[in-house]
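Undergrad: One-letter residues, chain by chain:
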Amino acid sequence: MEEVLNALARALSFGTPLLMACLGALLNERAGVVNLGVEGMMALGALAGFAVAFGSGVGDGSLWLAVLAAMLVGALAALVHAFVTITLQANQFVAGLSLTMLGLGAAGLLGKRFEGQPLFNQPPEWPFTLGAIALALLLGFILYGTRLGLTLRSVGENPAAADLLGLDVVGVRYAAVAAGGALAGLAGAYLSLVYRPSWTDGMTAGLGWIAVALVIFVGWSPLRAIFGAVFFGLLYYLQFRLQGQSAIPSEVFASLPYLLVILVLALSGLRGQQGNAPEALGKPYRRGER
Amino acid sequence: MPLLQLKHITKRFPGVLANDRVSLEVFPGEVLALLGENGAGKSTLVSILYGLYRPDEGEILLEGQPVRIASPGDALKAGIGLVPQHPTLVSRHTVAENLALGIGTPLLPAQRIAPLIERVAQGFGLQIDPKAPVYTLSPGEKQRVEIVRALLRGARVLILDEPTSVLTPQEAEALFRVMRELRAAGKSLIFISHKLEEVLAIADRCVVLRRGQVVGHLPRAEASQARLAELMVGRSVSFARKRGAPRIGEVLLQVRDLSARSSRDLLALKGVSFELRSGEVLGIAGVAGNGQSELVEVLSGLRTIEQGTVQLAGAPLPSDPARVFARGVAHIPEDRIRMGTVPSMSVAENLALRSFDRPPLSRGFVLRPAAWLAQAQAQVQAYAVATPSLHTPTRLLSGGNIQKVILARELAGRPRLILAVHPTYGLDIGATEQVHRVLLEKTDQGAAVLLVSEDLEELLSLSDRIGVLYQGRLLGPYPVEAVSRERLGLLMTGGLA
Amino acid sequence: MRLEPLVNPPRFRVLWVTLGALGVAFVLVGGLFAAYGLNPLEAYRAMLQGTLLDAKGWQEVLRRSIPLLLIGAGLTLAFRTQFFNIGAEGQLLLGAVWAAGVALFLPLPPALSLPAMLLAGALGGALWCLVAAWLRGRLNVNEILTTLMLNYVAQSLVIFLINGPWKGRDARGYIYSDRFAEYQQLAVLPGTNVHWPTLLLGVLLALVLQWVLSRTTLGFRMRVVGENPGAARYLGISGVRVGFWIALITGGLAGLAGVGEIAGIHHRLIEPGQLSSGYGFTAIIVAWLARGHPALVLLTAPLMGLILAGGDLLKVSLNMPFRIVDVFSGVMLLCLIGSEILVQNRIRWGR
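These protein sequences, in sequence, are chains A, B and C.
Going by the working numbering, the first sequence opens with residue 1, and the numbers climb by one from there.
Going by the working numbering, the second sequence opens with residue 291, and the numbers climb by one from there.
Going by the working numbering, the third sequence opens with residue 788, and the numbers climb by one from there.
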């Protein structure tokens, strides 16, 4: 029993950054914009959070400042994506990919001086975990119970219709992408401030990509995202648990999350999950092309 | 005093003068009909009124005051509502969610607006269910949702853009009743159409546009079909049936008990059976979404058969579009841009889409571009395609010329069966006449034509027999002499089923 | 700000727009140099001086252009067909793995060994890519995510092999395989690391692919599928089958690049990070710059080869992390795709 509870607690802890990043990606995909730059935004957020906490002397007060900085940097990086894909109408998939390259590269470059530096007091994990779950519930309510959510969903489903009603498609999309980036930044900060707490190049370790795949897996539903994140958290926990104890080479475990993403996508494909995608997902909107 | 007034509106696009000093006004409690051919400038004018385009010159006055309409939001604030030709609704949302969009309460917008919807709808005799998802609605129902939307937003001027193009005659009658109610309530209605008898049935005044200019302005009493048509086209037009005496031959296509599923995996065709003989034109009528697309897709090899058989000249139809085409089935698809052509490719390449992998256009797997140009040159001349050059991408051509490219390509190999889907949709009268003439010529040479259209005039003037698809079942086919517009309308809505 | 479509864009507009985008990219990366605490002009000078103005530098640029040429030519074709293969890195590794497998374990007459390695490498890369093509064709799974995930799996596979069953007898604390025999190594230009047979192959294949695209029925099918999938369906051109072809070609070329690296330079299977230094990702930019014309890769591959070589120099001489190359890639790609719209449109300021 204790074993099970412990496993669940670890799964929640592993799943927290996944849930945060997944909710962010879900938010901007609901507005019709795919951002594959989650991994890069997470790296930038992790670095920004760590740098602020490290620079400001690691008091309790500065933790929140650090988290805020991470979210801000995530949002700024996402705005680059927004500008390129919404205003300049570039291919969203390729733009997100380049944002990941840029984010990982810039974080690795600028973070070199923080490599190996310890951050002393580790804050508790549970407020972040609870916060992420609360956020999922809140996002679910916003999407289905408020005018804001209705607008967001409409922009993702049929931007031309929203535009004809005088709604600001471009503004909504920019805001959603920025919010998505802020959540990715938050996920990064959780890694570098709470979970580890330290900075190493490449510490996001593919979590951002898993978050992107998770959005498809949970069918763009914030509530199901909670379970999806816990499920993957559990897999991570098992990976660590089994790694030392079995004859299976550690490389198998190292590639497990990535194989799982493929499996998850294949299963989603098998169930026709793509049918749940917002109608206008990935398509730039240009007035007059309806 | 007029409620809305346009003064000398001019709008230019590169190479086109879309609106040329257009002036008109509409009073409260009146229906103003705006007539014109495709390309006459109606859509541009609507777009300007609704804030999608800004005029290069001229002004818009509302109750005598100049207003600036720079976006759809401005138009809505000014009390101008648009019922667009193609519904702009979010199909996965419910009716209430669609109507709450932009005006709902911050919390629970869809739930709270539902009673209001019912009140407004009942006030004008419109029936809608706020909880129904939009994708389950018929075109007529979607249109009602659009009308309610404009009313909910307090529209005083209602622009109806070709509202009857997707309706059966009975549905159109119902729409006119609603329009009369609205007129009685003091609303101004701008009714855009090119169907003359409808204009005469509902309008108080008619304004005719041609090549961007107002060429006629008639009160109802002075308007007649002949007069309006002459103004629209610039010459007199005949309304006679185009079909001469057909020479009908052997059975070419035999469809027995055919069932097929739609892309949404629903049963879209249920036990359809008919025969089509060479030299014959079979018209297929129906409200959009009753199985027409699926029928054409099955017959062109794009969709698998769930049940039943399709025989072409005594042999089963292959299940691959290229092989179906090779068996002599030409397909003029409903979407010229997304299916019928590759818009980024040149005229010559688009003309070669069907035959690029056969001699003379290629030898083995190597293409022979010189042969492409020779073939394209001949076809462009034969079909009078207006194009700057053979290397021009087809996205730069007009709809009529794109359709001519498709006709030239599809009909090049002397097909035995021609599947023509909305072949004249959106074309001007000249191009429409050419398409009709070409199709009838081919039947004289022994080809059979399956003509799918929502334009009942087109069906009645070309077909030898007409079948109606209603909820995946085929009613008829009936000899053309045995059906009228009204009867077709009833069949299309299940009224006689 | 408004965008206005150009009906007849001038012929050289593409060139100006591309050069402009590259210029903006260099300015932005310069900003990052400054943030890192480096004078940007100084850094660019170091990059240029060590590459173009130096004989050794030229060799380095050329050596790095070889895999970029091979992979880039394939990716150009893939992007043209809307098949976004981001997994060339993994396909390169699989090519190296299959070639190393042949070299280490398949007893062949010496004369056949090298050709067999090249064939096996191409096959290994192609099959790895085919997995993604199959998932996309059958289950509609986004190929960007699968090809990318397969990169990570390929890395683990290489590490597993050289740390486990294929670990070299002389490796001790390090991880790499046994050294290939002399006859299993590709010829190099004397005194350099430039394995010229692969270079020649890359140039030839880029030209062949250009010919395939513009002069064969397969190429025409690829263009129809890439430019209008709806029309392809209507015509009975199978997008799935064309996707398989594309996967075979791009994966195969990436596999060949992998063979070139191990048979031409390292002469054994080594750690993924040292084996490739991100050629699969850099080649995406090579392909994007070529704008759908495989032959243009002959120009764009050396350009990116220069940036990779320059990044190496910064690492050695200024002790900068090699991550700078990722930054270059990311910024250049963002600027390139962002500028695309200016080829067909012009910006109008004001209302």
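Hints were generated in silico from the structure; no laboratory data involved.
Treat the hints with caution; some may be incorrect.
[As the list claims (entries may be wrong)] Counterexamples of contact, computed for chain C against chain A with all Cβ distances above 10 Å:
no. : residue
1   : Asn795
2   : Trp803
3   : Lys843
4   : Trp845
5   : Ile931
6   : Glu969
7   : Pro1108
8   : Gly1117
9   : Gly1125
10  : Glu1127
[As the list claims (entries may be wrong)] So, partial list: chain B residues that the calculated Cβ filter (under 8 Å) puts toward chain C:
no. : residue
11  : Met291
12  : Leu442
13  : Arg443
14  : Gly591
15  : Thr594
16  : Ile595
17  : Glu596
18  : Gln597
19  : Thr599
20  : Val600
21  : Pro611
22  : Ala612
23  : Met635
24  : Leu643
25  : Phe655
26  : Tyr715
From the three backbone atoms N, C-alpha and C, an ideal C-beta is built for every residue, glycine too.
Undergrad: State for each hint whether it applies.
TA: So, going through the hints one by one against the coordinates:
1. Asn795: At about 20 Å from chain A, asparagine 795(C) clears the 10 Å cut-off, so the statement holds.
2. Trp803: holds (17 Å)
3. Lys843: Holds, since 25 Å exceeds 10 Å.
4. Trp845: holds (26 Å)
5. Ile931: violated (5 Å)
6. Glu969: holds (31 Å)
7. Pro1108: violated (5 Å)
8. Gly1117: At about 3 Å from chain A, glycine 1117(C) fails to clear the 10 Å cut-off, so the statement is violated.
9. Gly1125: violated (4 Å)
10. Glu1127: violated (6 Å)
11. Met291: Where the cut-off is 8 Å and the nearest Cβ of chain C is about 30 Å from methionine 291(B), the hint is violated.
12. Leu442: At 30 Å from the nearest chain C Cβ, leucine 442(B) fails the 8 Å test, so the hint is violated.
13. Arg443: With Cβ-Cβ at 25 Å, over 8 Å, it is violated.
14. Gly591: holds (7 Å)
15. Thr594: With a minimum Cβ separation of about 13 Å from chain C (threshold 8 Å), the hint on threonine 594(B) is violated.
16. Ile595: Given a least distance of 16 Å, the restraint on isoleucine 595(B) is violated.
17. Glu596: violated (19 Å)
18. Gln597: It is violated, given that the least Cβ distance between glutamine 597(B) and chain C is near 23 Å, above 8 Å.
19. Thr599: violated (21 Å)
20. Val600: Violated. Min distance 16 Å.
21. Pro611: holds (3 Å)
22. Ala612: Hint on alanine 612(B): holds, closest Cβ of chain C at ~3 Å, below 8 Å.
23. Met635: Because about 7 Å separates methionine 635(B) from the closest Cβ in chain C, which is inside the 8 Å limit, the hint holds.
24. Leu643: The hint holds - leucine 643(B) has a Cβ within 8 Å of chain C, the shortest such distance being about 6 Å.
25. Phe655: holds (5 Å)
26. Tyr715: Status violated, d = 17 Å.
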